[in-house]
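Student: Keeping their order, the protein sequence lines are chains A and B. Just so you know, we're using the working numbering here: the first sequence kicks off at 1 and counts up by one. Just so you know, we're using the working numbering here: the second sequence kicks off at 1 and counts up by one.
Derived from the structure by calculation, the hints contain no laboratory data. Hints are not guaranteed to be accurate.
Computed footprint of chain A on chain B, listed as stretches where at least three residues anywhere in the stretch have a Cβ under 8 Å from a Cβ of chain A [as the list claims (entries may be wrong)]:
#1 91 to 98
#2 103 to 109
#3 149 to 162
Computed spacing ranges between beta-carbons, pair by pair [what the hints assert, rightly or not]:
#4 B:Gly224 / A:Glu58: 40 to 46 Å
#5 B:Thr73 / A:Arg77: 27 to 33 Å
#6 A:Asp78 / B:Ile4: 56 to 62 Å
#7 A:Glu161 / B:Glu165: 30 to 36 Å
#8 A:Leu126 / B:Glu127: 34 to 40 Å
#9 B:Ser64 / A:Leu192: 27 to 33 Å
Note that the Cβ used here is the ideal one computed from N, Cα and C, for glycine as well.
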Amino acid sequence: MHFTPRLQQLLAALRCLPGVGPKSAQRMAFYLLDRDRDGAGELAVALRSALDEVGHCEHCRMFAEQALCTVCADKKRDAGMICIVETPADVIAVDDSGGYRGRYFVLMGRLSPLDGIGPLELGINLLERRLREETITEVILATSATVEGEATAAYIAGLAEKQGIRATRIAHGVPMGGELEYVDSSTLSLALSARTQVPTDAVD
Amino acid sequence: MNSIERVEFEAAFLLHAMPYRESSQIIEVLGQHHGRIGLVARGSRRPRSRWKQTLRSFQPMRMSWAGRGTLQTLGAAEATARPLVLTGMRLMAGWYMNELLINLLHRGDPHPDLFAHYGAALAALSEGKELEPVLRRFELVLLAEIGYGLVTDRDAVDAQPLQPERMYAYVADRGPVPAVVGAGDGLVLSGADLLAIGRGDFDRPERLLGAKRLLREKLNWCLGGRSLKTRQVLAAMLSDGVIDGIGA
Ligand SMILES: [Zn+2]
Chain A
1 MHFTPRLQQL
11 LAALRCLPGV
21 GPKSAQRMAF
31 YLLDRDRDGA
41 GELAVALRSA
51 LDEVGHCEHC
61 RMFAEQALCT
71 VCADKKRDAG
81 MICIVETPAD
91 VIAVDDSGGY
101 RGRYFVLMGR
111 LSPLDGIGPL
121 ELGINLLERR
131 LREETITEVI
141 LATSATVEGE
151 ATAAYIAGLA
161 EKQGIRATRI
171 AHGVPMGGEL
181 EYVDSSTLSL
191 ALSARTQVPT
201 DAVD
Chain B
1 MNSIERVEFE
11 AAFLLHAMPY
21 RESSQIIEVL
31 GQHHGRIGLV
41 ARGSRRPRSR
51 WKQTLRSFQP
61 MRMSWAGRGT
71 LQTLGAAEAT
81 ARPLVLTGMR
91 LMAGWYMNEL
101 LINLLHRGDP
111 HPDLFAHYGA
121 ALAALSEGKE
131 LEPVLRRFEL
141 VLLAEIGYGL
151 VTDRDAVDAQ
161 PLQPERMYAY
171 VADRGPVPAV
181 VGAGDGLVLS
191 GADLLAIGRG
201 DFDRPERLLG
211 AKRLLREKLN
221 WCLGGRSLKT
231 RQVLAAMLSD
241 GVIDGIGA
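So that you can see chain A by itself, here it is in the shape it has in the complex:
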């Protein structure tokens, strides 16, 4: 089967998407060219302008179209708190929870020495400068509950401690509605080690 040169180019380009193999690339390309040429045009324009205009916030590394992202530019957010996350998707998740009004720092990954990802790759020098120069009272470590995520959290906690800043770790453990017998043992041991005092004033 022969595709035209431009079609071949499109198929190859679509395959840069995660999980897209030759078959699904072909399905997408045919759909765009055959069934929805208007949609395809919008996609092309949106992709081009996003590539041109969306960069990273120079303060927290979140996606941004100006020097600062919307969170860093928002004067009403608590500038004394930084929540450290691994990805832009984590920023959205924490912010959508509605319980947090501070700022963020996006590592764009986590410490993974075997992949060559160390402090430089995670923008730790930028974070360190913020810890030194801003008036920050608490660093909340919301990295993943993996060996690498825990290492990253502990490393940043060390940096915060050097500046005399309190570092806290989000609790990982039993999910809401989780029956204990179905929670795996390492989650349970993590949850046990991070147990908290139960307020008793409601009982007295």
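Once you have looked at the hints, place chain B with the ligand on chain A.
Tutor: Frame of chain A, contents of chain B with the ligand only:
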């Protein structure tokens, strides 16, 4: 090589995991009887994957896999003990051992003794044993297993047993050569120190330092110019001065 192989519940450690396709991983594993193997863990990155908590470094487990060729498919992974908890420099040391194994072992070569030494080294690190001797003993065993062990029992000129009181210069690709006074080239150690290093006995600081230099030279040679990423990242971390903080 082309027939389907099936392995049931072999003791194993995960050395490294890389994202693969939308929701899977390619994992490098050290198995007790099969040595270093590459496996595809299908769906292991899905939020509700049953392997989410098990597939982590330093977690003793049993694994089953099947397939043909060098990249097979993970079928089961069950933790057999609590994960070994490594922090700070000890965690970096654990990652360093993993990187050495990935770089120096050929897939599918069995190394049952090395598997036992690796587990013992991780246990020693997690129990707070002194770090450097643990790493040096692991490097000694690893090099011997891949056929590039240090020569620490006889000299390289006429294969005579080393004499404890004599001085030897260690020539990288040959071994210990009786040292000529004034011709100081390379590392010079006493026969007693070399014999001790061979036994993994680092009671004296000069033996530990000598072993480090000999092993570093040999490892670099075996790596053939590839640099270890854990070494580079460690250097960057040391410059921040908070290395002892890392780890769970
Ligand atoms: Zn920002």
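Student: Now tell me if each hint is right for this structure.
Tutor: Against the structure, the hints come out as follows:
no., hint, result
1, 91 to 98, "holds (count 5)"
2, 103 to 109, "violated (count 0)"
3, 149 to 162, "violated (count 0)"
4, B:Gly224 / A:Glu58: 40 to 46 Å, "41 Å, holds"
5, B:Thr73 / A:Arg77: 27 to 33 Å, "47 Å, violated"
6, A:Asp78 / B:Ile4: 56 to 62 Å, "59 Å, holds"
7, A:Glu161 / B:Glu165: 30 to 36 Å, "51 Å, violated"
8, A:Leu126 / B:Glu127: 34 to 40 Å, "37 Å, holds"
9, B:Ser64 / A:Leu192: 27 to 33 Å, "30 Å, holds"
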